[in-house]
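Engineer: So you can see what is in the structure, the chains are spelled out below.
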Amino acid sequence: MIGGDDLLALCKDALAEAGEGEAEICAVSKRRGFARFAIGELGQHMDLDEPSAVVRVAHGARVAEAGTSQLDRESLVAAVRSASRAAKLVPETEGFAGFADAGRSIERAPRFEQRTATATAEERVARLAPTMEAIRGAELISAGALETSSHALAVATTRGCGRAHDGTWASFKVWALETAGAGGAAGYGGHMQRDVAKLAIAEETARAIRIAKLAKEPIGIDAGAYDVVMEPVAVAELLEWLAAIAFGATEMESGTSALAGRIGEQITGAGISLTEDPNDPGEHGFAAPFDREGTARGAVALIENGIARGALYDRTYGARAGTRSTGSALIPDTSLLASIGPSALHMNAGDAASVDELIAGMDRGLYVCRLHYVNGLIEPRRAVMTGLTRDGCFLVERGKITRAVGNLRFTDSLLEGLARCDGRTRARTAVPTSWSDAGASVVPAVRMRAFKFNGRSQEKAKLHE
Amino acid sequence: MSSPYEPAWLDAALQAALARLKREPDVRYAEVRFVCDSSEKLRVRDLRPEQVATTSSRGVAVRVLGERTWGFACTPMTDEASVVAAAERALSIARASGALARRAVPFPAAEGVRGTYETPTQIDPFTISTGQKLAALDAPVRALMGKGRQGKPIRSAEAWMDWTRTHKRLVTSEGTDVRQTFTYGTCGMQAIAIGDDGVSQRRSYPTFQGGDGFQAGYERIAELDLMAHVDRVADEATALLTAPPLASGTCDVILESSQVGLQIHESCGHPTELDRALGTEISLAGGSFLQPELLDKLRYGSAIVDLVADSTSPGGMGTFGWDDEGVRAGTRHLVREGSFVDYLSSRETAATLGRASTGTMRAEGWNRTPLIRMVNVSLQPREGTLEALVADTRDGVLLETDKSWSIDDLRLNFQFTCEVAWEIKHGKRTRLLRDPLYTGLTPQFWRSCDAICGPDEWRLWGVTTCGKGDPMQAMQVGHGAAPARFRGVTVGNGGAS
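As they're listed, the protein sequences go chains A and B. The first sequence begins at 1 in my numbering and counts up by one. The second sequence begins at 1 in my numbering and counts up by one.
Quick list of in silico lysine-lysine cross-link-like pairs, DSBU-like style, CA-CA up to 35 angstroms:
| id | chain 1 | residue 1 | chain 2 | residue 2 |
| --- | --- | --- | --- | --- |
| 1 | A | K462 | A | K400 |
| 2 | B | K425 | A | K452 |
| 3 | B | K297 | A | K213 |
| 4 | B | K41 | A | K12 |
| 5 | A | K216 | B | K297 |
| 6 | B | K297 | A | K462 |
| 7 | A | K88 | B | K41 |
Far from chain B by the CB rule (all over 12 angstroms, computed), these chain A residues:
| id | residue |
| --- | --- |
| 8 | R207 |
| 9 | G269 |
| 10 | A299 |
| 11 | A360 |
| 12 | I401 |
To spell it out: a stretch of chain A is covered by chain B in this simulated footprint if at least three of its residues, at any positions, have a beta carbon under 8 angstroms from a beta carbon of chain B; those stretches are:
| id | segment |
| --- | --- |
| 13 | 68-74 |
| 14 | 136-145 |
| 15 | 386-393 |
Honestly, the hints are just simulated from the structure, not real lab data. Where is the CB? At the ideal position from N, CA and C, for every residue including glycine.
Modelling step: build the complete structure from the supplied sequences, incorporating the hints.
Structural biologist: Structure representation (structure tokens):
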């Protein structure tokens, strides 16, 4: 696969050849090894090639875009010329002030691991074999996926911007299931790393088995407000929706964001801080150090101690809002939810030593391992969301897990829920963003008081009623 | 026969890859699929061109069934050496994965098919200039924003138009060789009004963004006539700011046709996907309550509920000639007179039930493996008009245009919110209500359906980005529906949640 530096050279070469006065190329080359298993069998094992380039050309403030999957000089030059023709036909974009210049230099955070980039199909099979065997041995059914991928990113502009990046991504997710597809007890485990060899595959498999065994014979409980402890993977799904409806410049400009017109106001609990932190040098760092426009990324405080502090902008939206780009223009086609948003959303850690400590602080509540099909479009101003529990939901009584409960539907304002948050773990987990490939959220487990559940899934035995 | 979308050397490259695979004794089946996409995405927001973009993509996918299981690889290159190399990688993966397989994948042999399919269009959208298309979007946005300036608090307005042309060539080891060329479109608009309290209300036309797709040409834009709906969209968005909320409780609910379409999508389309029911979609979407032992035994809906999977519906986003396994398009009941009778299936999954594939395997593009996808899954019309149905309803609400959607991992417990509700009292629409929410359990909900409007009210909607698979694949699917009434539904107010 072509590397970032070579990709950048290709982009610069194409820009020089095309001879446009104002142009930008953002090119991505991604190679993914993806082993997806279910019903205890490895049924979808894929070698995926995902090349793409998006070219923008401006004539004054008239801007148009052309994309191609062909990463060669001829195709890129053709895309530049196509965008140039289109740009002559479009109205001006208010706030557009040209593409990025050379900008400040950036340090490349560690993002690439050779072992992941060169992982073979045979290696993925060998890493998965013990997982599938262990789950079978526990008389459960396995499902999940192991991905080893590498990607190169380059941005070049006619104003002298030239950025290149290389990264790897190794992700493992596993389910231990009572039935293959008919519901019942289920346990989930997941882990992501840059280095495939550092994935905690055995530990996460054991966790999935443990949760699945605990989740058997659930009882039904009534809807109502319950104290709740959510695992990081559940918290991350809620935050991804919050990012989509609240933190992007588009939602700020249209006025639908919960932060619109409220910067400086308390909008959630005083203990809550959310930061876009793409340059994490540690094991939770996955994001590129620049965005699709070549803007260097830095930390951006979104919510600080419960107070709305800022939003995420690209160059044009930033200019219209009287501020600067935060380096938040997402790589094209990486998100189903937004074109401007975070790629490394961090929630601040708390002081609880463990999830068990959070659970011990509930007299009667729920321990939620994972969520399903969250939707945050109900009332964006208050960030009202709905969704369901999945893969483990447990009743907690007098500080201890006592019974598995059937899946429940919640509908509540996340901002108001976080205002009732009184516990977070010290440890944080990197969770891949579930509806996009934009990056990872880094979050603790949280405890929220009186979270509203308004329904429950139907027990299968009652299907005919 | 040649195609303007295929490079001259393509045929030799595809055949060389097939020949390479057919030499291997452990290859039971192989398919090589060339896909070439061109798309144009136009979006005008608040009088500015938010997006003016064209994209092209092409490449070749190879899926191989080895002695025991599958392998998949792809390449953006179309020359013979690259396509053959992709075939060899797919075979290598199938062999590596076979080491873990406890059983051989069932895959009944089929006769090869040959033919072509092309979307019928009156006006090729790619012959219309970008400037003309932008003008068609700018006019309604300008009019909506103008409403805002006339004292109505329209804060933001947006109109969009997307076009995609996809050409596919599928050749298989069974002798299949089909060419298909699709033209997909989507077009709509929305207005956002914001009240003094900062709370926003959205109103869209013809339905929510992403639910307004079709397979047709530019002639559809004139039929949509965005300008004719500007006043209503602006008026309703504004009125919603001060409308009373829908009160919580139980009442009879009439869903307009696009909302019935989304209800079908989530609570019939997805749970009748046989791969979900068998368990192969756990790593993203979940399973299904519709298990094989319920075939012909479960009363899914009331006796007037006929849900049909039809990959031949004219203009449908789920319409094609053959699926990506070479199975011919057709029409099949999933629910007949309320009874669950069949699945959306593939050759492999159908074989596990001793049935024939219902022909629903499609891949998003050249770098994705085919999955079972909805085709056009539609509710058959009955009789009467929407106004007659409203007149026949003593105490209820008419819900229009989806706003949020959520359903559990077995597709039982659902909850939707809509943009507007119309209160119905004694057979008359009385007033607008805001933030309506309705929730229920799939079989009970469909069993409560006691009226479905007739063919004149039936409309085929298109969902442009149905997400499924891991990695995620977005797919075009269709849903035909007429407005329908459901008795005794739990309703509430999303804003008050």
